[in-house]
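Using the hints, position chain X against chain P.
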Amino acid sequence: MRLFKEPKIQFLKYKYFAFLLSGFIITSGIVSIVQKKGLNFGVDFAGGTLIRIKFEQPTPIDKIRGALKNVGLGQSRIQEVGHEKKEYLIRTITLKEKEELEAHEIMGRKIVDALKKHEELGRFEILSKETVGPAVGHDLRKKATQATIWALIGMLIYIALRFQISYGIAAILTLTHDVLITTSILSLTNREINLPVIAAILTIVGYSLNDTIVIFDRVRDNLKISRKRSFEEILNDSINQTLSRTIVTSFTTLLTVLALYFLGGEVINDFAFTMMVGVISGTYSTIYQSCPVVLAWHNIFKKRKK
Amino acid sequence: MRRKTGWRLGLTLFILGLSIFLAYPPREKIKLGLDLKGGIHLVLKVITDDAINIETDQEIARLQEELKKKEIEFTSIKKEKIGKILIEGIKSEQEGKIRDLLDDLFGEWNFSIRGDKVSLTMKASVASYLRDQAVKQAIETIRNRVDQFGVAEPVIQRQGMGGDRILVQLPGVEDPERVKNIIKTTALLELKLVEAGPAPDKETLLKDYGGKVPDQMEIVKGDPKRTPGGYYLVHKVAVITGKDLKNARRSVDEWNNPDVVFTMTSSGAKRFEKATSENIGRLLAIVLDGKVQSAPVIRERIASDSASIQGNFTVEQAEDLALVLRAGALPASIKYLEERTIGPSLGADSIRKGLTATIIALILVMFFMVFYYKLSGINSVVALILNMIILAGALAYFKATLTLPGIAGIILTIGMSVDANVLVFERIREDLRLGKTVRAAIASGFSKAFRTILDANVTTIIAAIFLFQFGTGPVKGFAVTLIIGISASMFTAVFVSRLIFDIVLAKRRKVEKLSI
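In order, the protein sequences belong to chains P and X.
Counting from 1, position 159 in the first sequence corresponds to residue 159 in the working numbering; the numbering is continuous, with no gaps.
The number in the working numbering is simply the position in the second sequence, starting from 1, with 1000 added.
Pulled out of the complex, with its shape left as it was, chain X reads as follows:
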């Protein structure tokens, strides 16, 4: 009985051609992981509590205003903890009024009234929405900054579903410290009126205020890198913030020192003009991430829409500050959880060694197969080479990243994928020994071995899938190559290998011996 080979040969050649098309040239088509091309890998955590905290503060301000508007009396209003506000000293006859107000305008909060106290708790759904938004905004901001810094093919993505972690991968960055600082800076710019200071310590600063921070005021520290240091008492509400910025760029001041010039939006410029005209002679603190950068004296009403931040900047620092101001502030602070810097030379070394190991492994296995199974061994060699080509094509098609463990996965695939050939060949040998004809032995060998091959490979793939699920970067790469490699081996070792036997045997009328 002859089996038709036409369509099977066609399919095999099609897959071969497709794989080559997808993977060629490999240098461009196959994406390399950071461990092979060098770069930085960062995992950072967005402190989403910050976003809740800011929202709580803003709501307190709004609540205060609304209470005043509705003429509801109270003795104090304060943040109990993040997401929790406590109003004290309300009058029982005004309880209804408060209920109405909170129901109408503060729907994001659950509230309870007990005696003269009202406590508000942020609704869980609102809190989780804010946290989610904070992470999304952080990703946007970081992407903006990275783009402006000019990194090719950065990866910036959320890690896991709805988590507070962000994965940042920047290939080929030479100065990791600088990039890390650019990413980490919150870049929250605030221009605030100075009430008192600078003073060397808090006690001196608050001497005139009875040792207590007055309402609507706060203490900020001078940035030791830019100012002589000390403490400032400033208004809580900023004149303008980073949101009012239109642009920022590096420039030089009148003494030719690097500084950062920023321009404001028209509404920002208006507020700036009003504030400067009303406060001539006082200090205006330029606060970046809670630290005073400089506090120049307001000499006159400023009607211009631009101003500058001065300090002991280097050119690079001024450049970076302008960049983060342009890209916008982070909605919450971030913390690094993991950072890996891989130099380009190590990556190149890994590629070279990985390739050598792969080629040697291929040669050893091929040599052994031909040695052990003679001409049939060549069959498995063809299957193996085809397997490697399909693997490359699939890697390119799925845009999977090739990592060093991924190369290890390929090498393992070489060893493990000949298993399918071995299973088939051993079965054929057995059947030949039992006295079956060559054609019958081949047919029964393939059909008997197929179930075993399937069962055996499925379990390896199960292991690889769990590995993929749990794995981070490099390990994921390993799982991917293993899954693809083993799947491809089932095709090459069963389908293609059978095809080769059929083609070779088709030419001969009578086959008495098989070189196996």
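Only chain P is shown next, with the shape it has when bound in the complex:
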């Protein structure tokens, strides 16, 4: 079976439309981030307490909120897990940066006590309780940013060594594009940024580059074979030649990510969602961001030399 028989799609014709689309998503993402006063960091990064509880009987969310209101914790974020109205995630409101871990912990304990006091809620089990102090959150944020930046630099160097600097820069711009698109969608869909999500973003960086390199590799080969064609034509040919591979690999990866998203459980759900966005964005950006950038670079720098 073959998906495409000798595809000859003029991908690069649509590059401006692609720039517009990416620009639109990223712009609305930035607007959303500004509107929400920054990214929605989970307890890992923002600090705070996250309690996961499971009631024996189905319990409506309003009753839980009511119980918490009585002790002045009505602002806590309550999120249902699954659809049985039994399992919930409760996150205490974020305290000021300076507050010590103890303050978060006391709030966490207050929540548990308040729920215990309201006997009509029935028995419940605390599945997990996580408290992260502001110092750790701050550290993690710094480390995550550093890891992402260093990973990008490491890849830039690798590609510059194996290919050319223009390919490296195109690849890095593509990856930045993917990170921005993913972060935008996370903000637009109100997802929290926690440790696994950062792991997902870094994986996307690796994955998207994977795609980009496969095409660049082809370009390198084709440049040796056919010297008569224009650079743009060679780029377009290379995209077409690797198209079935791009689609097949993206599809198998997407299959596994979907399995994770639907079957992996709530704990890993944000991770799976991020990966899903990233796989799609990574595939699209390889064709529509990295190649046009290489082309633009080529048109600007190589033409002048002549």
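One should not assume that every hint holds.
Straight line, CA to CA, 20 Å or less: simulated PhoX-like cross-link-like pairs of lysine-lysine [claimed, not checked]:
1. K1180/X x K110/P
2. K54/P x K1353/X
3. K1069/X x K1097/X
4. K1353/X x K1031/X
5. K1513/X x K5/P
6. K86/P x K1353/X
7. K1180/X x K1335/X
8. K1374/X x K5/P
9. K69/P x K116/P
10. K1184/X x K1225/X
11. K224/P x K1448/X
12. K1335/X x K1184/X
13. K1180/X x K1202/X
14. K54/P x K1037/X
15. K1436/X x K5/P
Some but not every residue of chain P turned toward chain X, in silico, with C-beta under 8 Å [unchecked claim]:
16. K8
17. Q10
18. M155
19. V214
Covered stretches of chain X, as calculated for chain P (at least 3 residues, CB under 8 Å) [what the hints assert, rightly or not]:
20. 1128 to 1137
21. 1340 to 1354
22. 1359 to 1369
23. 1453 to 1464
24. 1477 to 1491
Honestly, the hints are just simulated from the structure, not real lab data.
By construction, the Cβ of each residue, glycine as well, lies at the ideal position given by its N, Cα and C atoms.
Positioned in the frame of chain P, the structure of chain X alone reads:
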């Protein structure tokens, strides 16, 4: 042209066998992270300033003694701040004498003399040594306590290089609050003579002393949980401290209430005997972590080497106190920075869901590969299964911890590692279309795709390595499975997959068609 398959088949089977040997049975061989088996994860910070502070106090006492011995006059000596001592009111003719003394006996300090003042600053190297020691001692003490409490396979280690943070992971602990308290208690026991008190407030306590705390004295509070509260004026220098303890255990007092009985070393017992004989009728405060637990009256000279701490203890509290006294005091106080408690049921749930997702992902990808590449797809299925087995073997060999994100890494590996197969197959198809023979197409397909596979995978591994560097627990697990999985995929999809083609084709003389 035929390629020899013998040694390649041997190597493949050897790696397969080794991986199975390493990973079987997986329940025992593969270490699960806390997020999968439940337990507590704590990150704590040792307040190393405490260690410097204590050292400064002790040095002040020593300095005072030495100054007296050398008959050097001064008006006051005090701690300016931690690691900094100020002596005031010295005479200029004694300056040389002070210099000699400080040079000879206080080499750990830098000093400067200005007028009638001498200021001493702890050397930076000494301070950092003390801080380092404080963290190391804290780790030892915590390990002692955790061991005595009986936690299987605890992880207690310093986080980062030379930092002041300690990571404590205790799998399968049921009562996190209790363990946290046991770890956090400084457990600094001091028996101090009471000068005055108890009094309801500080003013009443210091009425007879002109409202000022006398030299060599300090005020300590009564522990509200054990005593009626109030304030005590006690001698700064303790009669005995936790260091003089030989043992401690839970017992009961004469009214059958739980208490803690401790025995002293012989030198401790001697000092205890001397102090009790000289101070009959006065109170002796038992101070734990700066709070008076009880202050019994000394009725007679006590020659015994054991004594008890009484208070309103529950059996559990008495047990825990005896435990921390046995394990020794922390050299500095600690603060929790992060704590995560994961219940065992959530962990089991995560494992179940993770496994389901993995199996479904495997089946979907395998099905697709066979559907799309027909018989050659089976080739990639074999490679994929081998990849999973090698992954398990490598996890067991490196003693890597499998976490939930780690399972996600495995699932991703399934999707991404067939990429190498896809690259090869697509190249073979292209070459077949160009009219090459099957054998030639396979040979050129593999060789052309290899460079691409290498370049593409190296970049993913670069990302994973940085992730490993920065990551904590679960995320590290993800990076590990991804790195191993992708590396293994290069072996299975290039080496093993080629081998399968060669074995299958070796049996036939002429190959005209390839199912791909």
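| request: Output the numbers, in ascending order, of every earlier hint that fails for this structure. | output: Hint check: 13, 16, 17 and 20 fail, others pass.
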